[in-house]
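One point on numbering: in my numbering, the residue at position 153 of the sequence shown is 153, and numbering is uninterrupted.
Simulated from the structure, these hints should not be mistaken for lab results.
Note that the structure is predicted; figures quoted are calculated from it, not measured.
No false leads were mixed into what you were given.
In silico PhoX-like cross-links for lysine-lysine, where the CA-CA straight-line distance does not exceed 25 Å:
id, residue 1, residue 2
1, K118, K68
2, K100, K68
3, K34, K80
Using C-beta positions, here's what the derived DEER-type ranges look like:
id, residue 1, residue 2, range
4, F107, R30, 24 to 30 Å
5, I11, A84, 15 to 21 Å
6, K3, E92, 15 to 21 Å
7, M89, R110, 20 to 26 Å
8, K68, G47, 34 to 40 Å
9, A43, I2, 22 to 28 Å
10, E39, I11, 31 to 37 Å
Ideal Cβ positions, reconstructed from N, Cα and C, are used throughout, including at glycine.
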Amino acid sequence: MIKETISYEDIDGNGKTIDAYFHLTMREMRQLLKDGIQEKLEAVTSGKASTDDTFDLIDDLIKASYGKRIEDNGEAHFVKNPEATKIFMESEAYDSLLTKLMSDDTFATRFFTGLVPKALTERMNAISNGATQNALPPEAAQYLAQLNQQNQSNN
Numbered sequence: 001m002i003k004e005t006i007s008y009e010d011i012d013g014n015g016k017t018i019d020a021y022f023h024l025t026m027r028e029m030r031q032l033l034k035d036g037i038q039e040k041l042e043a044v045t046s047g048k049a050s051t052d053d054t055f056d057l058i059d060d061l062i063k064a065s066y067g068k069r070i071e072d073n074g075e076a077h078f079v080k081n082p083e084a085t086k087i088f089m090e091s092e093a094y095d096s097l098l099t100k101l102m103s104d105d106t107f108a109t110r111f112f113t114g115l116v117p118k119a120l121t122e123r124m125n126a127i128s129n130g131a132t133q134n135a136l137p138p139e140a141a142q143y144l145a146q147l148n149q150q151n152q153s154n155n
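Generate the whole structure from the sequences, applying the supplied hints.
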């Protein structure tokens, strides 16, 4: 889960700061891969994507990952709600986040790498260290490899 503190100016011109939360489960990541997120990522990272394609990729990832962190009886839960996501996507806070993602490559790489479920990252690391049992589907392995390569080139 990613907690991102976002500062922005609301529609009335007032300065605001919120904490926004983003998380993808293994199931959600698998669905994104089935829906073609890999091809969009490849186009963006290779420089072949248009600006609109880049915005669409970011929108897809934010829509899939935005939610609320809720404490219940001492346990943390992550809850996604289509209406809350719609409100966030139409907010000045989202515009502020989008501007930062589009203008700061290091931030964008850290953000999107952080969306990858920890278990998926651990499996990818195990595979790169020689483990082959329970290997990732090729598209998941390729997605993680691209994120890691982009992360290394930004450091």
